[in-house]
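Guided by the hints, dock chain D onto chain G, whose structure is given.
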Amino acid sequence: NAGVTQTPKFQVLKTGQSMTLQCAQDMNHNSMYWYRQDPGMGLRLIYYSASEGTTDKGEVPNGYNVSRLNKREFSLRLESAAPSQTSVYFCASSEQGMNTEAFFGQGTRLTVV
Amino acid sequence: KNQVEQSPQSLIILEGKNCTLQCNYTVSPFSNLRWYKQDTGRGPVSLTIMTFSENTKSNGRYTATLDADTKQSSLHITASQLSDSASYICVVSAGGSYIPTFGRGTSLIVHP
Chain G
2 NAGVTQTPKF QVLKTGQSMT LQCAQDMNHN SMYWYRQDPG MGLRLIYYSA SEGTTDKGEV
62 PNGYNVSRLN KREFSLRLES AAPSQTSVYF CASSEQGMNT EAFFGQGTRL TVV
Chain D
676 KNQVEQSPQS LIILEGKNCT LQCNYTVSPF SNLRWYKQDT GRGPVSLTIM TFSENTKSNG
736 RYTATLDADT KQSSLHITAS QLSDSASYIC VVSAGGSYIP TFGRGTSLIV HP
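Here the protein sequences line up with chains G and D, keeping their order.
Residue 113 in the numbering used here sits at position 112 of the first sequence; the count goes up by one each step and never skips.
Residue 711 in the numbering used here sits at position 36 of the second sequence; the count goes up by one each step and never skips.
A few of these clues could be false.
Stated by the list, open to error - Example chain D residues on the side facing chain G (calculated, C-beta under 10 Å, incomplete):
1) V679
2) S682
3) S721
As the list claims (entries may be wrong) - Some chain G residues well away from chain D (every beta-carbon gap over 10 Å; in silico):
4) V5
5) V13
6) M28
7) R45
8) G54
9) D57
10) L70
11) K72
12) A83
13) T87
14) Q107
15) G108
16) T112
17) V113
As the list claims (entries may be wrong) - Facing chain G, according to a computed beta carbon distance under 7 Å, are these residues of chain D, among others:
18) K692
19) F705
20) S706
21) N707
22) R717
23) G718
24) L757
25) S768
26) A769
27) F777
Worth flagging that the hints you see were computed from the coordinates, not collected in a lab.
Here a beta-carbon is modelled for each residue, glycine too, at the ideal position from N, C-alpha and C.
Chain G with its partners taken away, still in its complex shape:
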């Protein structure tokens, strides 16, 4: 029962570098999400995928792109990292939309220097 698996767990980038955060779920969920969590800010939705083949912007999409590779996998890409993107990133999945229980990964702690 892996649930939601994120890689990597930690990453340090230099300003301007690019990277992709990977997320996979094994619960056959339709919906997947990427959140960022900053101190004192709570969780904020970056992008979501309501179902395979669709993606939509959340509250804070600027500087990010996503790909729903298949039903299991949803990746988040930073094309040109900025210090403001230093955060903890969480991937989540749910059966269908956030009205159903969301299961979160363990997070990726990203530092951009």
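Relative to the frame of chain G, chain D by itself:
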């Protein structure tokens, strides 16, 4: 604008004591309200879900209440344990929306 406010921001209690966390929301139209527990360095885990018609729901030592008229929810923790030390996040979903509104959380520390 949809908002979720949680109080207190942080709380320190002794092991074995009870505590109550508060959540006020202005999300409309209301669909459901969830309480999540987030241990340090981990992702949030759902504790309970409350729908419009539910007033109280329990999950072990955790009891959530919902007053849809006043748009308030509380999470009561009974006989606290050291493992209850965590951040508790209130999340409210609006009908027809994929984007729920997250509160900033209450940080609970349980001391022996």
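Hint check results:
1. Interface hint at V679/D: satisfied, since its Cβ lies 8 Å from the closest Cβ of chain G, which is below the 10 Å cut-off.
2. Hint status for S682/D: violated, given a least beta-carbon distance of 14 Å to chain G, over 10 Å.
3. Restraint check, S721/D versus chain G: the minimum CB separation of about 5 Å is within 10 Å; hint holds.
4. The Cβ of V5/G sits about 7 Å from the closest Cβ of chain D, inside the 10 Å cut-off, so the non-interface label is violated.
5. The claim that V13/G is not at the interface with chain D holds, since no C-beta of that chain comes within 10 Å of its own (minimum 17 Å).
6. Every CB of chain D is more than 10 Å from the CB of M28/G (nearest about 13 Å), matching its label as outside the interface.
7. At the 10 Å boundary, the C-beta of R45/G falls inside the reach of chain D, the nearest C-beta of that chain being 7 Å off.
8. Residue placement check: G54/G keeps its beta carbon more than 10 Å from all beta carbons of chain D (closest about 15 Å).
9. Under the 10 Å C-beta cut-off, the non-interface status given to D57/G relative to chain D is violated; the minimum distance is some 7 Å.
10. Once the 10 Å rule is applied to beta carbons, L70/G is consistent with being away from chain D; the minimum gap is 19 Å.
11. K72/G, annotated as away from the interface, keeps every beta carbon of chain D farther than 10 Å; the closest lies near 17 Å.
12. Every C-beta of chain D lies more than 10 Å from that of A83/G, the closest at about 23 Å, which supports listing it as non-interface.
13. Remark: the non-interface label on T87/G is consistent with the geometry, its nearest Cβ contact in chain D lying 16 Å away (cut-off 10 Å).
14. Separation of Q107/G from chain D is inadequate, the least Cβ-Cβ distance of about 5 Å not exceeding the 10 Å criterion.
15. G108/G, annotated as away from the interface, has a beta carbon of chain D within 10 Å; the closest lies near 6 Å.
16. Annotated as non-interface, T112/G keeps its C-beta farther than 10 Å from every C-beta of chain D; the closest such distance is 15 Å.
17. Against chain D, the non-interface label of V113/G holds: every CB pair exceeds 10 Å, the least being about 20 Å.
18. Residue-level restraint check for K692/D is violated (minimum Cβ-Cβ distance to chain G is 26 Å; threshold 7 Å).
19. About 11 Å separates the beta-carbon of F705/D from the nearest beta-carbon of chain G, more than 7 Å, and the hint is not met.
20. For S706/D, the interface hint holds, since its Cβ comes within 7 Å of a Cβ in chain G; the closest pair sits about 6 Å apart.
21. A distance limit of 7 Å between C-beta atoms decides the matter here; for N707/D the minimum to chain G is near 6 Å, and the interface restraint holds.
22. Against a cut-off of 7 Å between C-beta atoms, the interface hint on R717/D holds, since the closest Cβ of chain G lies about 6 Å away.
23. At a threshold of 7 Å, the smallest CB-CB gap from G718/D to chain G is about 3 Å, leaving the interface hint in force.
24. At its closest, the beta carbon of L757/D sits 21 Å from a beta carbon of chain G; the interface hint therefore is violated under the 7 Å criterion.
25. Against a cut-off of 7 Å between C-beta atoms, the interface hint on S768/D holds, since the closest Cβ of chain G lies about 5 Å away.
26. The interface hint given for A769/D is broken, as the beta carbon of that residue sits about 9 Å from the closest beta carbon of chain G, more than 7 Å.
27. Interface hint at F777/D: satisfied, since its Cβ lies 5 Å from the closest Cβ of chain G, which is below the 7 Å cut-off.
Checked against the numbered hints listed earlier, the structure breaks hints 2, 4, 7, 9, 14, 15, 18, 19, 24 and 26; every other hint is satisfied.
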